[in-house]
Amino acid sequence: MVEQSSASMAVAIEGVHKWYGDYHALRGVDLAVAPGERIVICGPSGSGKSTLIRCINQLEHHEQGVITVNGAVSRNEPKAARAVRREVGMVFQSFNLFPHLTVLENCMLGPMWVNRTPRAVAAETAMGLLERVRIPDQAHKYPGQLSGGQQQRVAIARALCMNPKVMLFDEPTSALDPEMVKEVLETMLRLAEDGTTMLVVTHEMGFARQAADRVIFMDQGQVLETAPPAEFFGAPRHPRTQAFLGQLIR
Amino acid sequence: MTAIDPMLETPRRVLRNSGAAWRRLFDSPLNVALSLLVLAAAAMAVPPLFKWAVLDAAFLPATPQTCQAHAGACWSFIVAKHSQILFGIYPLDERWRPAIVCVGLIGLLIYSVRPSSWRRGLLVAWLVMMVAAQVLMGGGIFGLTPVSTALWGGLPVTLILTVVAIGGGFPLAILLALARRSELPALRVLSTIFIETMRGLPLLSILFIASIMLPLLLPAALVPDKLVRALIALLLFAAAYMAEVVRGGLQAIPRGQYEAAAALGLGYWRTQQKVVLPQALNVSIPALTSTIIVMIKNTSLVLVVGLFDLISSGKSALADPTWRSPAIETYIFISAIYFVLCFGFGRFAESFERRNKVSR
Ligand SMILES: Nc1ncnc2c1ncn2[C@@H]1O[C@H](COP(=O)(O)OP(=O)(O)O)[C@@H](O)[C@H]1O
Ligand SMILES: [Mg+2]
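Just so you know, the protein sequences line up as chains A and B, in that order.
First residue of the first sequence? That's 0 in numbering that gives the first Met the number 0, and the numbers climb one at a time after it.
First residue of the second sequence? That's 0 in numbering that gives the first Met the number 0, and the numbers climb one at a time after it.
Isolated chain B, as found in the complex (with noise of 0.2 Å):
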């Protein structure tokens, strides 16, 4: 287990063999055209992006005024608005809130990525976590002005939709897959009946079902939160569409293994905890990364049932008429959060994989 793995040597080896990679760069006449081509572009693109967003943009003092006076980027609106594009239309003096969950929350992350952190009481600390998340944000106890979850928005809302459907998600899809690989017929077939109707829907009537058509259908008492709604559907959707991958992995499984651990005396569920899904899952790693990516980047559709998640408290922010509405700034802006969010949970993702890879 303390072996040293070989797969981590590898960045280090490609670091070290760069200058062979910059001579195949230039190793025959295509590829010498081929790179002169793309050296020119770079050539082309770069040096104007360099003056527009660096040598000619407007940082300090955050004002209008800034902005006029300089011909490139607007980052001045950026530091005068990320308060509000972060937390959306959240009280102002009650801003520290949703700050401190969304440090929790991407703390709490980043320690989950160790692996030595997975342990039982990961799960505690992220339950914990949810409960301290909805707490703070909500308020109505301690002495915490009450915010409905109407007034959520931005970021802590992106975070909070992400973690809650796809840590919900994932659970519920193991089940969903192991139901339709079951022997009982009435549990194979609710499950596939489940899973083919979550894809073969748009998860944008999904979410307007839960949204708009569930108060119609249900009694005002028992419809949930408007972002409780909204979670739902983005759960289901999710574990419908993880479901499917993790099922493609629990075929990867060959009969033997089943035959083994039964053979030994182990039941049903401790045979596929200890013996087919760690297996499963993990030769399911790189599809189920692209799959929770894709629905990372999913969450930004509740804003079509008046959610404020980060891309629609942007565009609320770019509303100010004293600004000249620099929607490309706030939009590279809110990219570079989505992207630090998806390559992190990528990155991860590999290092998992990596780690698996020692035992093969």
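The shape of chain A in the complex, shown without the other chains (with noise of 0.2 Å):
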């Protein structure tokens, strides 16, 4: 691959390593993702994905090695994480909607409080992303109202509310029934035609095989293959990777 500075990268993970207190969780991750590109990231359950994509908008924080998004640098320090935060898109595995506000206020909070946008537009904008989702009849429910499947699109359309260059997914799906995994799924899909910048945590093959640029795998806190779907699922190098993927296999 070609080298590239990390300014014009969507996100570049340079060095990374992450302690919780003495458990060394992030070994020297380096990453580097172009705009538009879409990553999906997998590897057994503690390897560290989680911690490595919250490390990008500082829901974590790293103690070495640098993190930027859009060139600006991601670090623990409440001006510099907003600044980051505000390019990007987080989208968790128990969906974290705000149960006391409407599916509608929900996708207007980050407009309104954090980039001032006037409700009436701060409500169109999100009018036109549940639509995107495909549940703008919804809008005026309260979240416990929603199915689990429904519930994850409004967390998707809360998040493209405040126009995210990069979105973050940690197993968007993996607290989901199955019939409702595929709705969720699809959604994604018609995000990654779109063009959108996307890292996603996810086990969901399927997905990785249709949508992805590439696939990480990662164990123990370190990437360990970094390759194409084709080349990921029909030539693994690693053994690790092999291992895992033979698990994996119904």
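These are calculated hints, taken from the structure and not from any lab test.
Don't be surprised by glycine CBs; every beta carbon is placed ideally from N, CA and C.
Worth double-checking, as some hints may not be accurate.
To be verified - Facing chain A, from chain B, some residues (calculated, C-beta under 8 Å):
{"#": "1", "residue": "247"}
{"#": "2", "residue": "251"}
{"#": "3", "residue": "256"}
{"#": "4", "residue": "258"}
{"#": "5", "residue": "261"}
{"#": "6", "residue": "262"}
{"#": "7", "residue": "265"}
{"#": "8", "residue": "266"}
{"#": "9", "residue": "269"}
{"#": "10", "residue": "273"}
{"#": "11", "residue": "274"}
{"#": "12", "residue": "278"}
{"#": "13", "residue": "281"}
{"#": "14", "residue": "284"}
{"#": "15", "residue": "285"}
{"#": "16", "residue": "286"}
Both chains are given apart, each in its own frame, so use the hints to dock them into the complex.
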């Protein structure tokens, strides 16, 4: 791959280390994500996948190395963290919608109170994105009244309302009943087709095959293998990748 | 938002089912026995009470002679002395001033109950009301005769103590609760020390410290008015208790809520204001209601430092030797006022809670 400066990258992660107390959770991770690129991150549980993508928007703070998002350094300092978060949308495994607000209000909160968008404009944008995730008819319901799949699609719309340059997904379908996984993955596939820069932690290998530009395998806080999906699934090089993929096959 | 709240239907359903409720009182031998016991007790207690409070009671004319002529309750005393009980030793000719303050405070309280009135303007209305209360009660401007706070008494004092202690204590309680959960150790320690000190001391001793020790410790020019000292003591005490209730509510908010807010780019205060506190306070409503009702009743303790709240002005009215000192009737009257205040607040809290339940 041609060496590019980190400033032109959507996300550039260079030599990042992270400790939880004594536990060395990330051990020198490097990863450059070009604008529009779709990355799928997989690996066994506890390998540091969540930690890695949470360091990008400073939900976790790394001790060593540099992370930049669109050239802005992401570091443990309120102003810098907020500047990065404005550019980065995040979707959690457990949705984390605000239960006291309607679906529409969930989507309007960020634009109104972070970007100071006027209410009417925020509402219009939010409706537009709820249409994009195909639940505009639920706009005035509360999250508790929706199914898991619908909630996760609202969470995606809520993140998109901030017009992020990068979208992070941390196992977005792991908390869903099987019949709802599909509707969320379809929503994510449409995002991918629209050219959104995405980093997705998931074990949905179908999604990886269809949408990913590169698949990354992590184990014990390190990136062991990076390859386009065809190569990753067809001819994995690292023995631990092979073992991991072997387990995934039903 | 316009959806019909299923909870609002509950009371009517209970009424409609009252026949079933009656039947349940007699559906087992034990229930029959218990119900009969209660009915018998009521049959024994209610007629004499009714006889005393209504049939044999003295009403008008409101003179000591009327009371002597009747064996029952001496309501004539309340009729004759209501102004003294309600307004204490406030100068007779000026009692229209505390009367306006009471009407204003109660009116604004009732207005504040309506959810549609919860706007920023309401806060302004309350601030204006408090200034107006001070001007009306204290006088000294607009040609109003000055009346020292030493002469204030009765219902307006109780209302002012309640509104200031709870209205001022609540925002402070939120700040204290947030400080106690802060990541800054200094804030956490200070807030903890304050809360635990306030909760560790009896309210009586805090009132004594504020009203008796403070003047000894501070130069005279710096010592605030006695009423103000009691107000501050009550406010801080109420804040400490409410802070712990709010903290309990904060603990109920999952970490994911903070993370979702942070991921959107919301800062600390916006996260608290828009995401955390609305949920935390809603969780705390029942406990907060009890605490606030206790605090309303606590205001009566200011009588120990020589302030004339409703109970002390009732007591001083009883001191008139021309009457045969109808203490029971006086305390029933005062209790009724407290009951209306506390019950009214409880209903308010309930409607607030029900309104927020729609979103569950
Ligand atoms: N807040 C935390 N405190 C301590 N250890 C943690 C914390 N979060 C994660 N870890 C540890 O770090 C490792 C990586 O966790 P995580 O990034 O969540 O893994 P993954 O998402 O790949 O399953 C795990 O061993 C986990 O136990
Ligand atoms: Mg994880």
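Outcome of the hint check:
no.	hint	in the structure
1	247	violated, 17 Å
2	251	violated, 12 Å
3	256	holds, 6 Å
4	258	holds, 6 Å
5	261	holds, 6 Å
6	262	holds, 4 Å
7	265	holds, 6 Å
8	266	holds, 7 Å
9	269	holds, 5 Å
10	273	holds, 6 Å
11	274	holds, 6 Å
12	278	holds, 5 Å
13	281	holds, 7 Å
14	284	violated, 13 Å
15	285	violated, 17 Å
16	286	violated, 18 Å
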